[in-house]
Amino acid sequence: MRISDRRFALFLMTPAALFLAIFVAFPLFRLVADSFYKISPIAGGPRDFVGLDNYFRAFASEAFTGAGWRTLAYTLVVVTLEFALGLGMALLFTMLGRSSQIWRTVFMYPLMIAPIVAGLLWKFLMIDNFGLIGTLLHQAGILGNPNQIGWLSDPGIVLYSVAIPDIWLTTSFMCLVLFAGLQNIPGDLIEAARLDGARAPALLFRIILPLLRPVIAVALVVRGIDAARAFDTILIQTNGGPQSASETMSLLIYRTMIRFGDPGLASAMGTIYLLAMLAVAFVAVSTIWRPGKDT
Amino acid sequence: MRLAERTKHDGGTPATASAAPSAAAAVVPPRKRRSVNREGLEAGRRSTRTLLWILLAAAMVLYGFPFLYLLFTSFKTPIDTIAVPPTILPREWTLENYVNALGRSGVPASFINSIQTAIISTVLSLVLAVPAAYGITRYKTLSGRIFIMAALVTRMVPPVAIGIPLASMMGSVGLADTPIALSIAHTTISLPLSIWLMSSFFEAVPKDLEEAATVDGCSRLGALWRVVIPVVSGGIAVTAIFAFLASWNEFLFALLMTAIRSQTTPVVIANFQTQFGLDWGSMTALAAVYSIPVILLTFSCSARSWRA
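Note that the protein sequences, when read in sequence, are chains D and R.
At position 169 of the first sequence the residue is numbered 169 (full-length UniProt numbering), and the sequence of numbers has no breaks.
At position 66 of the second sequence the residue is numbered 66 (full-length UniProt numbering), and the sequence of numbers has no breaks.
For the record, the hints were derived by calculation from the structure and aren't laboratory data.
Don't be surprised by glycine CBs; every beta carbon is placed ideally from N, CA and C.
Some hints could be false.
[Unchecked claim] Now the in silico label distances, taken between C-beta atoms and shown as ranges: (1) D:Gly66 - R:Ile88: 49 to 55 Å; (2) R:Ile88 - D:Pro210: 39 to 45 Å; (3) R:Ser172 - D:Gln139: 18 to 24 Å; (4) R:Phe299 - D:Asp196: 38 to 44 Å; (5) R:Ser172 - D:Arg98: 53 to 59 Å; (6) D:Arg206 - R:Phe299: 47 to 53 Å; (7) D:Val283 - R:Val61: 24 to 30 Å; (8) R:Ala204 - D:Ala33: 40 to 46 Å; (9) R:Gln273 - D:Gln139: 56 to 62 Å; (10) D:Ala33 - R:Trp53: 18 to 24 Å.
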């Protein structure tokens, strides 16, 4: 006997759904449950139910609110710069047309590099004393002294320095998505605007960007979520320092869990962080994908 | 003249055009004169093109330089590596760093762990994602719609939030510190992405294809396996590359879930920093050995998929 199409579709989806339920939903459930307990870091140690105490402690701690603001600032800087650079490169490739195809592929290479390697590499480029960037800027006459800018040692700028590898790694992604979007803009529309006397800025802001809006929105949301979770590159460059000036939420949760041995508090922080991400994602998804209309 | 007329028409309906660029593209009849539909943005004048090529060259140099510097550094002598002021090219080329890095205990084993973990995770992602994505796109049921949304939501979960509970789960079933446990963790990252990617590839397959197959006596599973999957093999390859890279380059789960036995190379690279002080030379050598094969592999795959 043939099973119905609906059953068949369900049968095809079940393994993946079970996998995600067991290995994502269940650990998440454990995380939320742990956030209501005071847990000893020693395995098999005491677990005391403390209600919302961990949440009060999280919001009362300066480390937590500070990490929240830093994560926000970091995400905004990364996404803004990536978007500007990615759009510039996508326009450049589009204007050069087919002949730039091979360079488009080469431009994708950072996407294949491990974030840990990228972080390490940029740390080496920006490090005090033997970092190459300070030296090159000094030799070019821009800096009076190669160590004038303490890229990774000055608490005032370190949050932006640690963002550089992230930007370097994923501008290619932004470029790839925007380039694909640009290919869907009918050439006639551009030519029409040109005939009407539109200059480059008008062309960009009045025609290209409005037409790309859905693509831009998707790219910004995807990258925004990833940037807000950044961990590897920051850990390897500064470990959150100096003086916690580059400690974002992922790092704070990690350190609270592992270094300070307070899984209950870390779980509460993780739960708040997750809820904030879900709220942002929900707003973004419901405005962009418009569930029910497509898919 | 024809052009001007059509462009007037297009210019007169900006609202519909901005709402659905693809629909606008479909309205415009394809023209034979030029092969691609993006001539509008493509620069025509020779002087403009020259300027653009110069810009591109500058961008490529700036963008490629960091990795080249990593390569150059890996061939420097230890003294050169931390010389003040630093030089771009090695004063003396040496393979010392490669010998040191690869000869260090745990490094060859970590490569095997990385390969094992990435392959298991890729296979697992594909086996789970291909049927699920097919079920979602072909039958368009309510459950499918809910599922693809749920899959997107799981992508937002920060790994640091589920890493520890996941590690203790694996420990309680005796899988602590194994490539299998880590590849399962990596699949939680790549599976939602794979489902999403595969759905977009299945979307492009005409429905008549498997209808013809079922008429010819194929079961639905048979039609999927023998007719649809060969058609989307290119998409499966792309998805496999994404899943492989996601696992190969992942660090946080690997840090939380592995000890000595199943440690992957990213963790070893990170450990160089604390364990061996400032051994930049070996670190860059190991990073180069870890990155280059994957970059070349991806490039050759994408080149092949273009030719196909």
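Hints, verified against the model:
1. D:Gly66 - R:Ile88: 49 to 55 Å: 38 Å, violated
2. R:Ile88 - D:Pro210: 39 to 45 Å: 44 Å, holds
3. R:Ser172 - D:Gln139: 18 to 24 Å: 58 Å, violated
4. R:Phe299 - D:Asp196: 38 to 44 Å: 42 Å, holds
5. R:Ser172 - D:Arg98: 53 to 59 Å: Cβ of serine 172 (chain R) to Cβ of arginine 98 (chain D): about 56 Å, so the range 53 to 59 Å holds.
6. D:Arg206 - R:Phe299: 47 to 53 Å: Taking Cβ atoms as reference, arginine 206 (chain D) and phenylalanine 299 (chain R) lie about 38 Å apart, which means the hint is violated.
7. D:Val283 - R:Val61: 24 to 30 Å: 40 Å, violated
8. R:Ala204 - D:Ala33: 40 to 46 Å: Holds, at about 43 Å.
9. R:Gln273 - D:Gln139: 56 to 62 Å: 28 Å, violated
10. D:Ala33 - R:Trp53: 18 to 24 Å: 59 Å, violated
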